[in-house]
Structures are given as structure tokens and as C-alpha cells.
Amino acid sequence: MDDMYRELILEHNKHPHNVGTLDHPDVSHEETNPLCGDRIKIDLAIESGIITDVRFVGRGCAISQASASLLTDELKGKSLDEVRALTNDDMLDLIGIPLDKNPVRIKCALLPLKTLKYGIYQYLGEHVEDDDF
Amino acid sequence: MYPTMTATLDQFDILSLRREFPILQQEINGAPLAFLDSAASSQKPGCVIDCLEDYYRRYNANVHRGVYKLSEEATFAFERARGKVARFVNARSPKEIIFVRNTTEAINLVARAWGDANLKAGDRILLSVMEHHSNLVPWQMLAQRTGAQLDFLQIDGDGRLILDDLERLLTEQTKMVALTHQSNVLGTINPVQKIAARAHAVGAVMLVDGAQSVPHMPVDVQALGIDFLAFSGHKMCGPTGIGVLWGRRALLEAMPPFLGGGSMIKIVSLHETTYADLPARFEAGTPAIGEAIALGEACDFLSDVGMQRIHAHEIELTGYALERLAGVQGLTIYGPQDTSMRGGAISFTLDGVHPHDVAAILDGEGIAVRAGHHCCQPLHALLDIPATTRASFYLYNTPEEVERLVAALEKARQLFL
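Top line first, the protein sequences correspond to chains A and B. Residue 1 is where the first sequence starts when you use this note's numbering, and the numbers rise one by one after that. Residue 1001 is where the second sequence starts when you use this note's numbering, and the numbers rise one by one after that.
Some hints here could point you the wrong way.
[As the list claims (entries may be wrong)] Below, in silico cross-link-like pairs of lysine to aspartate or glutamate (DMTMM-like), each with a Cα-Cα straight-line distance of 20 Å or less: (1) A:Lys107 / A:Asp93; (2) A:Lys76 / A:Asp26; (3) A:Lys14 / B:Asp1351; (4) A:Lys114 / A:Asp53; (5) B:Lys1411 / B:Asp1363; (6) B:Lys1084 / B:Glu1072; (7) A:Lys41 / A:Glu74; (8) B:Lys1411 / B:Asp1351; (9) B:Lys1411 / A:Asp3; (10) A:Lys78 / A:Glu47; (11) A:Lys101 / B:Glu1365; (12) B:Lys1411 / A:Glu7; (13) A:Lys41 / A:Asp73; (14) A:Lys101 / A:Asp90; (15) B:Lys1095 / B:Glu1253; (16) A:Lys101 / B:Asp1363; (17) B:Lys1194 / B:Asp1220; (18) A:Lys14 / B:Glu1410; (19) A:Lys107 / B:Asp1363; (20) B:Lys1411 / A:Glu11; (21) B:Lys1084 / B:Glu1073; (22) B:Lys1084 / B:Asp1050; (23) A:Lys76 / A:Asp23; (24) A:Lys101 / B:Glu1027.
Just so you know, these hints were derived from the structure itself, not from any lab.
Chain B with its partners taken away, still in its complex shape (with noise of 0.2 Å):
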């Protein structure tokens, strides 16, 4: 399908893999749709919206339940996508894969089943101030049930984790590093296999927040070391409703389940259950089947684009963007100023503008980008900001649209000036 196996993609394939997303193929206020916002949602490709549909209209029923042809059918390709996204981060295991709805649900899974199992007052859990609400609130509530305490890995003035407050806030109380991979403001790509090495040296558990670092490059869970990955599918070029929790299977076998219901037993009397093994036992409920089969779908369509490939487009994308936006009079780039241990986010504010306005004349240009505080109000207080405006890149995103972004910010600013 994609006959140049080019370390990067050339202008060739953005225009072939731009053709297999239809949603790509409209006008909005009378321009080109630029959708620069892949970091709240991906758009989908044709092979994933068809996925999803051929379930629906050909063998939907439920899972591990009937008897019947269908149901066979329906179970088989939810299991095939378990597999499928097990190949994708490298678990050992589909085992090891838990169906989720996103990242907030895979991360919330852990801080209730392993979290309420494993801490106690005193204990300590560390994250990092960049972190997404979802990463950070789930922790607040876990620390409330239990006593623990929040400590906090600042960030230096480019936006990258101060890894020398480690030597220091990493102790034996330390029970729990939980980060993200890549900033969903910042950009900043996270040391996290050096991190995670660093907390299993104190007994500490890792987990990483993935939500925008498996969608744009190779993640491999065994090379980096870490015990527990979240993602969400509809980051990814799957559907909305689906999500993962990866887990090392020593730890989810020895966790507690988290919901309570159908599928997750084994046997059930008027008083007492016994639970499922894994990935079942942490599966309460009828999941999202036709989303689950779906992105096994997207997880074979990245692959076949190339996750290396995707990364080193997206880096070059963004390293142009840098440059671009950097000539932009009144401009200011939050994180990271070149493209080193950084993705395709790029959050700004544009002087004497107010974030939201930015955005409102960019959608008048046809260019789809965020305004507010993406899920990181503690992260803006420590910028002192109260909104930035936020471009970000997938790999259907193309240089002339970065060209619109700069000409339509350009507008913006002599529109208040």
C-alpha cells in the first residue's frame, strides 16, 4: 500500500495517506479543513470507519457468550484486536492487555485495584507538574482514601522534568512514579525508561500515561521498562470508547479487580465470587466491541505507515512549526524550543490576543486548533497563563498547513493590533 519505505514520509505519501481519511476531504469557511488538533482527537482512516461498520451491520453480537456463528465470529475478532494492540506496544502477553473507554479510565483502574491494594498513609506517589488532569486528580482521590502524599517533578524553563529533584524525591516511601510520555502542552517526550529504572531501584512502581506518546512513535513496553501503560484509541486513528491499560501480568494478577459484574467471574453464589483471570477479571460488563476490533484495525494501519516513519515526519513537521511560528512578532512557544525529546504539540500565545480569539479567527481560515487549558489548569498557573492556543501534528499533516497556521496567526495580530 505505501511502496516508498522512506525513513520519513515524502510529500508523495502525506497526499496518498491524506486520501484515505474522508473527513480531510471538506472545506470549512470556505478553505481546506487543516486539522491541527490530533492531540485531543485523531481523525479516522476509511479501513477503521469501515471496521467499525462491518461489525455493526455483518456479525454484531456479544462477546464470550453465545454459542452461535455470530457471536463466534464477534469473540474472535475482539480477541484477534486484544492481540493485535499487544503487538503494537510489545507486551509480552494479549494477556496483559486490559479493555478500557480511554487513558482516564485505564489510569483511574490502577489508582483504585492497585493503589487502594498497595499504599497506606505515609507512603508516597510521585507525578510531575505537566502532568494531564487525568494523571494527577485520580492520584489526589487515591491520596485522600489512603493518606498518601503527592510529591512533584518540577519542570525547568524549556519545559523539561528537572531529573536531578529525583536523587531527592524519590525515597522508599516512594510507592508509585506515575508520568506522562510526551506533554500534551509542552510537547516535552519524558525520559520514562530512565525514570523507571531509577523508581524500581527504591521498590517504586511505573506507570506511564501514553495518551500522546503511542499514537506518534514507537512504544515498546519491554524496552522501556515500565509496569503499567495507558492509551486511548481515538488518539491513535481509532474510535472514541476505547481504551488500554497495559500492565505487567504479575502485578494485574495480584491486583484486586476494579468493577464488579458480568464476565469478570468465575463463580458466583448469593455471597461470594471468584474472579476471572486475566484480561477478563478487569473487564466487568459488555466492553466496546465493534470500537476494541476496530482499533486492532488502526493499530494495523500505523503499522503498516510505519511508526518510525509517522515519528520522524511528525519531528520534522514540528522542528518546521518551530521555526515558522518563531518569526511571528509577539509569538511565545510553551516547552521546548527544538525538535530533541520533543513531539508534535505546540502550545503558544500570541500577545495582546486572547487564546480563544486565536483560535476563533483560525477556524475562520479553516484551521482546526484547541484553546483553553488542555486538561493542565496547574500547569498554566505555573506558566502563568490562563489559556494557550495549541497546534498539533499527525502524520496527515502537511507543511503548506503550517504555512496557513503562520498566515492566519499574522491576521490575528494585526487584526488587535
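Only chain A is shown next, with the shape it has when bound in the complex (with noise of 0.2 Å):
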């Protein structure tokens, strides 16, 4: 437990960067974890495949939140080959708990991942199963 409210995640949480929304967003997606109601919105502005800026909100357990926070500070400059190159496990490695072994908050922890490649896929046109998340 204490491994999982480590002081990153705990200041991403209460001070998590990047929020807000884009006032042309050329992404804009949400999605929701239905088990506990975590809800994460991601706007994106891309130039040339480049993603230029990002913004997000949301509400949510602090894993969530935290996820968000450190994901987008990530993203810009990236190319969107880049960003749908990100793995589950490279999500795990930023955010850097153990929850491997944990179902039910591993999902938390995924789902700013998961809003970013749908909102992404939806952009490019591409489908995206859900056996993925």
C-alpha cells in the first residue's frame, strides 16, 4: 500500500500539471472506468503528426489522476507513431508502482493511456480492439 501512494504520486495528484481544456482541440476524447468512475477528458493540438500541446481533465482515485499528469507531461513534441508505440508496461515504469498484481487499480493507472490511444486511433481513423486495456 504504501509503495502504491509514494510522494510522486501523491504531488501529481494534488498538484497534477497539464489540466485544462484546448480551445481547438485537433483530439478531444474521454473515457470512464465504470468499476469506480474515474473519468479522464484529453485534448490534443497536432501539427504535421507532432503532438504540440496537450491539456487534460478529469476526477478520479489519485493512481488516475497521477497517471494523467505524468502521461501528458510526456507527450509533447512527440510524434503520434511515438505515442501509439507506448506500451502498458511503459505506462507502469512512469508511474512507477507495483500493481501488476492488482486487477482492479491496475486500471486506474491505464486508463489516461487508454483515453490518449482511442482519442488517437479515433483521429487517424484507425480501430483499436479493447482486448488491449
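Make one complex out of these two single chains by using the hints.
Below you can see the structure in the form of C-alpha cells.
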């Protein structure tokens, strides 16, 4: 438990980065985790396949909100291909807490990545398998 | 077995009771397990586990079929369990006890079998905003099939039903009133006896969701004057996979079957079937035999302890918890703030800490609680909160566990300051 609520998570939960919305987003996508009511909406500005700006709004547990904060910190300047290549393990490395044996809370941690990927796949007109999350 | 027959359970009773629950004798994350999630599913005493095992080890056979010794023994035990359940809720006859999987299936049975036969467009079904999805979705589906309309009793700021609305909402068109006896979120105990009388005055039928009441207080279907009662075995010290629908005999006898198949028939030809009498008519297919027998054992166990004493113990513990939780800064309790007409499920939020984080921090202290919407999304929408954390009590919980809950909540609050 104490592993889960490390200073990094608590700090990002309390003061999340990149919070808000974009006026004219190229991608605006929201996903929810019906189990616990976590909700994340990510806005992206995209120019020539590169993410130039990102904002998110969300509500939910510390894990989901800190994840969104940490993930969005990584996005500016990344190409869509790079974002598409992000794996669940990359996300777990980013937040740095052992959730591989916690099937409930891992959904909270991966919700922002799921939101991001669904948004980008929709933008590109591609199909995504729900099994990935 | 329980020598002191005082009005409630004293500390000695609780400690000896706790010893009968094998699962409670363990540590979680380095602390003794404090199981505060019995509203979701209760723990099982050794006698119930043994009873289940005994069936599978010694006399497992299908019921109402074989003419051999094992099948006779299984049939006898299965039907004796029906009798125990009937006595537990004071049904007039064991024939009024239908074994199903759980409360959800019991309510679906009524919505399908009774509802499809009795409802038409323009009829109304009265529910409340505090219903569990299991006492809401089956009626929505029935309304969609028949064109009937749903009405809802609202709650006041204390989480109690606004009964003044009955005047307006109960009309000649109301055919069914389906209410929970005790809210699994707010803990509110609803005056179902009074409401049943009002329902009957307009010719409506009254179904009570007893999932949270039958395990925790004496429930007498005749005294309550209701028509259907649905409850689950696993919340009352019994196994999963077994639940009960009690219904008034005349109503059940007039209902068409729910599921078709084996056991529910008298004579079958290729094109038509005559159906069995109660209760077999509503029990198609091989039932959960061992689980039903073990539920009978659970009824005996609870009756031996005494339902009135269990109820008194839970009220005492709930009163203590409400008082102690009120001292936790930033904590909001949803539902009645005192123990009058209130059971031992306490849902709350802690300022600045999401309910799931609260539950995870409590788990770290060996305290099991539930977080989420508790299958009551409309109620949480009404309260304008995405989720709550819920602590719920049963006969094996102690004031020390309440103290640990309060201390762990204090820790969660500090962590997120």
C-alpha cells in the first residue's frame, strides 16, 4: 500500500500538470472506468503528426489522476507514431508503482493511456482492440 | 452453544462467535483482518463450510430423481433446508420458498413471470431512488416490454424516503411497489409494513428487496404484510449461488413459469407441457443442492445466535461508529446520522481523498471495505458524488475494529493533506 502512495503520486494528484482544455483541439476524447467512476478527457493539438499541446481534465482516484499528469508531461513534441508505440508497461514504468498483481487498480493507472490511444486512433480513423487495456 | 442470552451480544459472545469463522483468523498486510464488507458478502462459519463439504463428500446426488439411497438423502436434506428457510422468514408454507441464485434472479423472476402476465401499457411501477440496480433494471426492462411507467419515491437530506409523496404516487394505475427493506448505501431501514398496507389499498402488489435486511434483523413476511421477498444466501453466512424468492402462495400459483426445462413439469409431450406445482414450477434444472442445504444450516446458525441479538449488536456498533466517524475531520456520512431505523452500512467520503484511495489505504491496515457506487449509480448521481467508501458490520465485528477504521481514516487524511 505504502508503495502505491509514494510522494510522486501524491504530489501529481494534488498538483496535476497540464490540467484544462484546448480551445480548438484536434483530438478531444473521454474515457471512463465504470468500476470506480474515474473519468479522463484529453485534448490534443496536432501539427504534421506531432503533438504540439495537451491538456486533460479528470476526476477519480489518485492513481488515475497522477497517471494522467505524468503521461501528459511526456507528450509534447512526440509524434503520433511514438505515442502509438507506448505500451502498458511503459505507463507502469512511468508511474513507478507495482500494480502488475492488482487487477483493479491497474485499470485506474492505465485509463489515461487508454483515453489517449482511443483518441489518436479515432483521429487517424483506425480501429483499436479493447483487449489491449 | 451460546450460554448468555442477553438482549445483545457481549464481548465474550463476539469473541467466541469470531472463532467460528475460519477466515477471520488471519492477518492481511501484517494486521488482523477487520472485515467491514459484509453488505457485499458475509463470511461463513465453519458449520456452513462443513455442511457444504459434507454434501459433496458424502451424499452428492441429484434431487427428486433417483430412487437410490444417496438421492433420497440429498432430496431430504434439500427439502428440509427449504423448511428451515421458510421458518426463518415465517412463511406460511415451504411451498412459498423458491430457490434461485440470488436476490437479482428472484426479482427478475417476479418481473418476468408476474410482470409480463399482469402489466400493460399505462400501468405504473413504484420504486425509490435508493434502489440497488437489481431492483431497478429488471423493472426498466419490464417497462420497456409492456409500456408501463416507473415512478420513484425520493429521499430527504437524512436519506429517508419521503412518504408524503405516497399520496400522489400511489394510484389505481400502480400495480407493483418494489422497495428495498434496507439501503445498501445509506443504511436506511424503510417502513415496508406501512408502505405495503398503502400499496394494497390501491390494489398494488408489494415486493421487498431483503438482501440487506434478512441477514441482519428478524424478518417476518406475514407480519410485514408483503407479497414477495427476495434475498441472497451469501450475505447471511450462506454460500454463493443460492438465493430465495418468497411469494404469497396464491400469487405464485397464478404466475406462469419463469424458466422452462427439467423439474418444472408434470407431463411433457412434443408440443405442450403441463407445469409442476409449487415450488418446482419455478425451479427449472438442477438446483444448487449443496448450497441450498448449507443455506439451511446458515439459517440455523443465525437463529441459534438470535436475529434480535444480532440486530441489537449491529445497532450498538453502528451507533458507536457514527459517533466516532463524526470526529474525523472532512468526513461526510451519507444516510441517517443516528441509529433509528438504520442498519449497519455506513457510506462516506473523505475530503480530498478519492473513495478508492481510502479503501486502498484501509486495505494496507488490514481493513476490508468497499469503494465505488455499490450498484446504486442513480443514488450517487442524486447525491452528486462519483463514489463512496462503505464500511458495513455483521455479528462478528467489534468496537476495536471501528477504532482501527477511525485510526486508518485519520492516516489517509494525513497522507493526502
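* Of the numbered hints stated previously, which ones are contradicted by the structure, given in increasing order? -> none
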